[in-house]
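Visitor: Sequence:
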Amino acid sequence: MSILVDRNTRVLVQGLTGEAGTVHGNGMLEYGTQVVAGVTPGKGGTTWESRKGVKVPVFNTVEEAVRKTGATASVVFVPGAAAADGVMEAAAAGIELVVCITEGIPIVDEVRLRAFLKDTRTRMIGPNCPGLITPGQTKLGIMPGYIHKPGDIGVVSRSGTLTYEAVWQLSALGLGQSTAVGIGGDPVQGTDFVDVLKLFNEDPGTRAVVLIGEIGGSMEEEAAEWIARNMKKPVVAFIGGQTAPPGKRMGHAGAIIQGGKGTAAAKYEALRAAGATCVQSPADIGRTMKAVLDGRGK
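Position 257 of the sequence shown, counting from 1, maps to 256 under numbering that gives the first Met the number 0, and the rest follow consecutively.
What the hints contain is simulated information worked out from the structure, not anything from laboratory work.
The reader is advised that the hints may include incorrect statements.
[To be verified] Here are the simulated lysine-lysine pairs, DSBU-like style, with alpha carbons at most 30 Å apart:
1. K197 x K232
2. K67 x K51
3. K54 x K148
4. K117 x K67
5. K148 x K232
6. K117 x K232
7. K148 x K231
8. K197 x K231
9. K117 x K231
10. K289 x K148
11. K148 x K197
12. K54 x K42
13. K42 x K67
14. K289 x K232
15. K54 x K67
16. K197 x K289
17. K197 x K117
18. K51 x K148
19. K231 x K289
Input sequences plus hints: build the corresponding full structure.
Guide: As structure tokens, then:
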């Protein structure tokens, strides 16, 4: 099985006619995603055509796109200054799942957006994320589909690149994925580790979970607390940014260590105490998961 999306998910792309929307709209269609609509204000009534000749109607508003196509999920490729408003428009139109790929959204807009979504039925993945994929069925985002393999390992990560690395290793070892979710690296996110762990824990098609965190913030410690109390499946965890100097912001906006909190050591300690199997190098994620499933690791 899978979480959040499957082959029946009907997807609209906000910003489909832009450069990023065009590139990844093609990629999603070629993977098998049901891309049923595009939304670009001012281009309503036109048709976007993929490089393989698939024609997708473009609408001025999300509300119109939903009403006329039955779209149930949205992928946002809107530039940073307007992306928060784009997500809010999708939520107001009744879209239940919004995947916001956009990076560079002002943090004040992210805070405003998160507060807005609390009063809606909408779940946001991201922003500043690669999206999510149910291998062999559908993908909503920018991840390379060919490295994924259908299976029963859940993957959740703050890092896009390390998501791909973990998936590549798992697939090479014959360990397919139920769903891989990139939740993004910004300090204010729509969906966090605990949200996704709950879904994997309840999914009968997920046997174990790879969790990839980063330095900064407290999301991994909160995940560890939840794992200790609730998780029924093995978790293999890696924390990126172990060698980053304290006080220096690295890569993702959320990756910063302040006052001794949010360090890789603190996150590893919490995850080990919760029963997760931790690896110090991303190169060990796949084989460690295989060992855990074979009963050779914790």
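Visitor: Could you run down the list of hints and mark each one as holding or not?
Guide: Now the hints, each set against the structure:
Among the hinted pairs, K197 with K232 is consistent with the structure: their alpha-carbon atoms are about 11 Å apart, no more than 30 Å. Our distance criterion of 30 Å between C-alpha atoms is met by K67 and K51, whose separation comes to about 24 Å. At most 30 Å may separate the alpha-carbon atoms for a hinted pair to count; K54 and K148 meet this at roughly 28 Å. Restraint check for K117 and K67: the C-alpha separation of about 27 Å stays at or below 30 Å, so the hint holds.
Among the hinted pairs, K148 with K232 is consistent with the structure: their alpha-carbon atoms are about 20 Å apart, no more than 30 Å. With a C-alpha separation of about 29 Å, the suggested pairing of K117 with K232 holds against the 30 Å cut-off. A threshold of 30 Å between alpha carbons decides the hint, and for K148 with K231 the separation of about 23 Å falls inside it, so the pair holds. The hinted pair formed by K197 and K231 meets the criterion: a straight-line CA distance of about 10 Å does not exceed 30 Å.
This hinted pair checks out: K117 and K231 have alpha carbons roughly 28 Å apart, not beyond 30 Å. Proximity of K289 to K148 is assessed by CA-CA distance (about 15 Å); at most 30 Å being required, the pair is judged to hold. Pair hint K148 plus K197 holds up; C-alpha atoms about 22 Å apart against a cutoff of 30 Å. Distance hint between K54 and K42 is fulfilled; the C-alpha atoms sit about 15 Å from each other, no more than 30 Å.
Simply put, K42 and K67 have alpha-carbon atoms about 16 Å apart, close enough for the 30 Å limit, and the pair holds. For the proposed pair K289 and K232, the alpha carbon gap of about 14 Å is at most 30 Å, so the pair holds. With a C-alpha separation of about 15 Å, the suggested pair K54 and K67 falls inside the 30 Å cut-off, and the hint holds. Restraint check: the Cα-Cα separation between K197 and K289 comes to about 22 Å, which is no more than 30 Å; the hinted pair holds.
Restraint check: the Cα-Cα separation between K197 and K117 comes to about 18 Å, which is no more than 30 Å; the hinted pair holds. For a cut-off of 30 Å, the pair hint linking K51 to K148 stands: about 24 Å separates their Cα positions. A threshold of 30 Å between alpha carbons decides the hint, and for K231 with K289 the separation of about 17 Å falls inside it, so the pair holds.
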